[in-house]
Amino acid sequence: MRNIFVLIVTFLISCVCLAQKEIILSPELKISRLTDEVWVVTHSFPWESNSLIVRASDNELVLIDTPYTDDATEQVLQFINKEIKPKNITAVLTGFHIDNLGGTRCLLQHQIPVYGSDRTCKLIDERSAATQKQILSWLQKPEQAKYREVYAEMKFSKPNHIFPIEKGLLLKKGNLSFDVYFPGESHSPDNLTVYIKELKLLFGGCMIKSMESPNLGFTGDANMNEWPVSVKKVQEKYPDAKWVIPHHGNWGGVDLLQHTIDLFKNH
Numbered sequence: 208m209r210n211i212f213v214l215i216v217t218f219l220i221s222c223v224c225l226a227q228k229e230i231i232l233s234p235e236l237k238i239s240r241l242t243d244e245v246w247v248v249t250h251s252f253p254w255e256s257n258s259l260i261v262r263a264s265d266n267e268l269v270l271i272d273t274p275y276t277d278d279a280t281e282q283v284l285q286f287i288n289k290e291i292k293p294k295n296i297t298a299v300l301t302g303f304h305i306d307n308l309g310g311t312r313c314l315l316q317h318q319i320p321v322y323g324s325d326r327t328c329k330l331i332d333e334r335s336a337a338t339q340k341q342i343l344s345w346l347q348k349p350e351q352a353k354y355r356e357v358y359a360e361m362k363f364s365k366p367n368h369i370f371p372i373e374k375g376l377l378l379k380k381g382n383l384s385f386d387v388y389f390p391g392e393s394h395s396p397d398n399l400t401v402y403i404k405e406l407k408l409l410f411g412g413c414m415i416k417s418m419e420s421p422n423l424g425f426t427g428d429a430n431m432n433e434w435p436v437s438v439k440k441v442q443e444k445y446p447d448a449k450w451v452i453p454h455h456g457n458w459g460g461v462d463l464l465q466h467t468i469d470l471f472k473n474h
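Going by the working numbering, the sequence shown opens with residue 208, and the numbers climb by one from there.
The hints are simulated quantities; they were obtained by calculation from the structure and are not laboratory data.
Be a bit skeptical, because a hint or two may be false.
[Claimed, not checked] The calculated PhoX-like cross-link candidates involving lysine-lysine, where the alpha carbons are at most 20 Å apart (straight line), are:
{"#": "1", "residue 1": "LYS353", "residue 2": "LYS407"}
{"#": "2", "residue 1": "LYS237", "residue 2": "LYS292"}
{"#": "3", "residue 1": "LYS440", "residue 2": "LYS407"}
{"#": "4", "residue 1": "LYS340", "residue 2": "LYS353"}
{"#": "5", "residue 1": "LYS440", "residue 2": "LYS472"}
[Said to hold, decoys possible] What follows is a list of derived Cβ distance ranges for each label pair:
{"#": "6", "residue 1": "ASP278", "residue 2": "GLN347", "range": "20 to 26 Å"}
{"#": "7", "residue 1": "LYS348", "residue 2": "MET431", "range": "28 to 34 Å"}
{"#": "8", "residue 1": "LYS472", "residue 2": "PRO320", "range": "37 to 43 Å"}
{"#": "9", "residue 1": "LYS228", "residue 2": "ASP278", "range": "23 to 29 Å"}
Using N, Cα and C, we set each Cβ at its ideal position, and we do this for glycine too.
Could you put together the complete structure from these sequences and hints?
Here you go:
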């Protein structure tokens with residue numbers, strides 16, 4: 208009987224701890240505490256997408272990608288300023304799709320430096336209208352009307368700190384280094400990964416699929432020949448990664464990279 212009681216108490220404590228790690232900002236927006244330094248922001252609008260908050264020091268914080276919208280990004284910034292209280296915030300964008308940079312205008316309005324590649328800027332110019340049209344075509348059901356209204360009015364904003372995609376970027380903030388890497392084309396022509404070696408954390412973005420993903424998802428902008436080659440390069444470059452964060456679905460370990468490669472066998 209005592210052992211059963213201990214198990215029940217342990218289970219209840221675990222549930223409380225898990226609940227404390229997940230902060231609900233709205234029915235569509237939540238923040239999950241991954242480590243002392245890292246939070247995963249998940250925005251479902253209506254599709255689930257992950258971005259990242261990384262505390263580099265007491266004074267420095269880095270955002271990797273944004274939620275889909277400016278409103279959701281504003282909510283995230285309010286959480287950051289209330290709960291983390293950094294002096295400086297910097298953002299990095301890993302691609303031109305709306306789940307990478309939908310909240311960029313909000314960041315710029317707050318005078319937050321936003322880093323992105325020259326190719327991302329070029330693709331915003333060339334493909335943002337087509338991307339917006341594609342999104343609206345997916346939102347035809349009556350219950351999706353509120354999403355359609357938001358996306359119909361959305362404007363794509365470019366980063367204000369541009370780097371050559373082929374060179375990548377090594378961003379040092381606080382106690383951490385952020386290795387922004389372009390291994391080649393993949394899910395889109397400009398998808399980047401971000402590796403934080405001190406945390407052994409890889410933000411794989413849309414290039415990497417979660418373990419529960421049965422397929423490659425949207426491939427309208429993908430380079431299907433180069434995508435698995437690019438993932439292999441990431442796999443070889445960061446073999447010590449402990450955490451891998453995909454843009455959609457649950458995070459895990461380096462096995463997500465092999466899973467992504469394996470999906471091409473059945474495509």
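Results for each hint:
1. LYS353 x LYS407: With a Cα-Cα distance of about 39 Å, the restraint between LYS353 and LYS407 is violated, given a limit of 20 Å.
2. LYS237 x LYS292: holds (19 Å)
3. LYS440 x LYS407: holds (17 Å)
4. LYS340 x LYS353: holds (16 Å)
5. LYS440 x LYS472: Cα-Cα ~18 Å, so holds.
6. ASP278 x GLN347: 20 to 26 Å: For ASP278 and GLN347 the Cβ distance comes to about 23 Å; the hint holds.
7. LYS348 x MET431: 28 to 34 Å: Since the Cβ atoms of LYS348 and MET431 sit about 29 Å apart, the hinted range of 28 to 34 Å holds.
8. LYS472 x PRO320: 37 to 43 Å: holds (41 Å)
9. LYS228 x ASP278: 23 to 29 Å: holds (24 Å)
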